[in-house]
Amino acid sequence: MYRKGQGPGVVLIPEIPGIHPAVLGLGNHLVDNGFTVAIPSLFGTPGKAITPGYAASTLARVCVTREFTAFATNAQRPVTAFLRALARDLNEHTPGKGVGVIGQCFTGGFALAAAVDDAVLAPVLSQPSVPFPLTPKQRRDAGLSDVELGVIADRAANEGLCAIGLRFSEDWMVPRDRFGTLKARLGDAFEVIEIDSSPGNPDGISRLAHSVLTDQVREVEGHPAYEARKRVVEFLTERLAP
Numbered sequence: 001m002y003r004k005g006q007g008p009g010v011v012l013i014p015e016i017p018g019i020h021p022a023v024l025g026l027g028n029h030l031v032d033n034g035f036t037v038a039i040p041s042l043f044g045t046p047g048k049a050i051t052p053g054y055a056a057s058t059l060a061r062v063c064v065t066r067e068f069t070a071f072a073t074n075a076q077r078p079v080t081a082f083l084r085a086l087a088r089d090l091n092e093h094t095p096g097k098g099v100g101v102i103g104q105c106f107t108g109g110f111a112l113a114a115a116v117d118d119a120v121l122a123p124v125l126s127q128p129s130v131p132f133p134l135t136p137k138q139r140r141d142a143g144l145s146d147v148e149l150g151v152i153a154d155r156a157a158n159e160g161l162c163a164i165g166l167r168f169s170e171d172w173m174v175p176r177d178r179f180g181t182l183k184a185r186l187g188d189a190f191e192v193i194e195i196d197s198s199p200g201n202p203d204g205i206s207r208l209a210h211s212v213l214t215d216q217v218r219e220v221e222g223h224p225a226y227e228a229r230k231r232v233v234e235f236l237t238e239r240l241a242p
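Note that full-length UniProt numbering has the sequence shown beginning at 1, numbered continuously upward.
These aren't lab readings, by the way, just hints derived from the structure by calculation. Worth double-checking, as some hints may not be accurate.
Unchecked claim - Listed below are the simulated DSS-like cross-link pairs for lysine-lysine, each with C-alpha atoms no more than 25 angstroms apart in a straight line: (1) K97 - K137; (2) K4 - K48; (3) K4 - K97; (4) K183 - K137; (5) K4 - K183; (6) K97 - K230.
Claimed, not checked - The calculated label-pair distances, taken between Cβ atoms and stated as ranges, are: (7) A72 - K4: 30 to 38 angstroms; (8) G200 - V147: 41 to 49 angstroms; (9) K183 - F71: 21 to 29 angstroms; (10) V64 - E238: 34 to 42 angstroms; (11) D146 - E221: 38 to 46 angstroms; (12) A56 - R140: 23 to 31 angstroms; (13) L208 - D177: 30 to 38 angstroms; (14) G200 - V64: 19 to 27 angstroms; (15) G47 - E219: 28 to 36 angstroms; (16) R140 - G53: 16 to 24 angstroms; (17) E221 - A70: 30 to 38 angstroms.
We put the CB at the ideal spot given by N, CA and C, even for glycine.
Input sequences plus hints: build the corresponding full structure.
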């Protein structure tokens, strides 16, 4: 478990293949912006750099692990119970009104499922890819169970809970239909940040771009991924600051 910083708490859930250097970089960026960051190691080797083979072998293992149920629709994933407990613990030991949870890629939807717990006030879904979108039903699936989504919708309607979702426009792993489902259930409480990755886009972003908050960020004002990361920090500050 990586834990660092002072200030309101943020659970940063790593993307495949694990707590790689860019995930640590995002964690340190959040620490520098005044947050206490906890990164659980759910898979992979902490600190190990990404290689195609490492990513593929990690993905193959997690796809068959019951805790993640990578292909199931309307699924209550066991790992989210652990993430809620982690969020509660972090909330008890940090200042602020509650905690944020950032999920990425394979874990993107886990952030919203964690917000079933009242301690979570700021879920961020960065390129949520589960369930893998192989069928129309999987493409529409929100990445959590209908029961969990109902709790989230109730919190949005009655408690002012808000969430952010981020994706690149051409990323087939994060279908637009998935965000459509969430927008239909949560309305204005679900803020969508979609970055243009179509051919010929003005920022030269590849149509294969996937990781909004890590490897696609360029430290240049005005770059879409840089601005998206800035908006996430702003959102966390707005929702969590005491």
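We went through each hint and held it up to the structure:
no., hint, in the structure
1, K97 - K137, "violated (36 angstroms)"
2, K4 - K48, "holds (19 angstroms)"
3, K4 - K97, "holds (19 angstroms)"
4, K183 - K137, "holds (16 angstroms)"
5, K4 - K183, "violated (33 angstroms)"
6, K97 - K230, "holds (21 angstroms)"
7, A72 - K4: 30 to 38 angstroms, "holds (34 angstroms)"
8, G200 - V147: 41 to 49 angstroms, "holds (43 angstroms)"
9, K183 - F71: 21 to 29 angstroms, "holds (23 angstroms)"
10, V64 - E238: 34 to 42 angstroms, "holds (39 angstroms)"
11, D146 - E221: 38 to 46 angstroms, "holds (41 angstroms)"
12, A56 - R140: 23 to 31 angstroms, "holds (27 angstroms)"
13, L208 - D177: 30 to 38 angstroms, "violated (20 angstroms)"
14, G200 - V64: 19 to 27 angstroms, "violated (39 angstroms)"
15, G47 - E219: 28 to 36 angstroms, "violated (22 angstroms)"
16, R140 - G53: 16 to 24 angstroms, "violated (32 angstroms)"
17, E221 - A70: 30 to 38 angstroms, "holds (37 angstroms)"
Going through the hint list in order, the structure does not satisfy hints 1, 5, 13, 14, 15 and 16.
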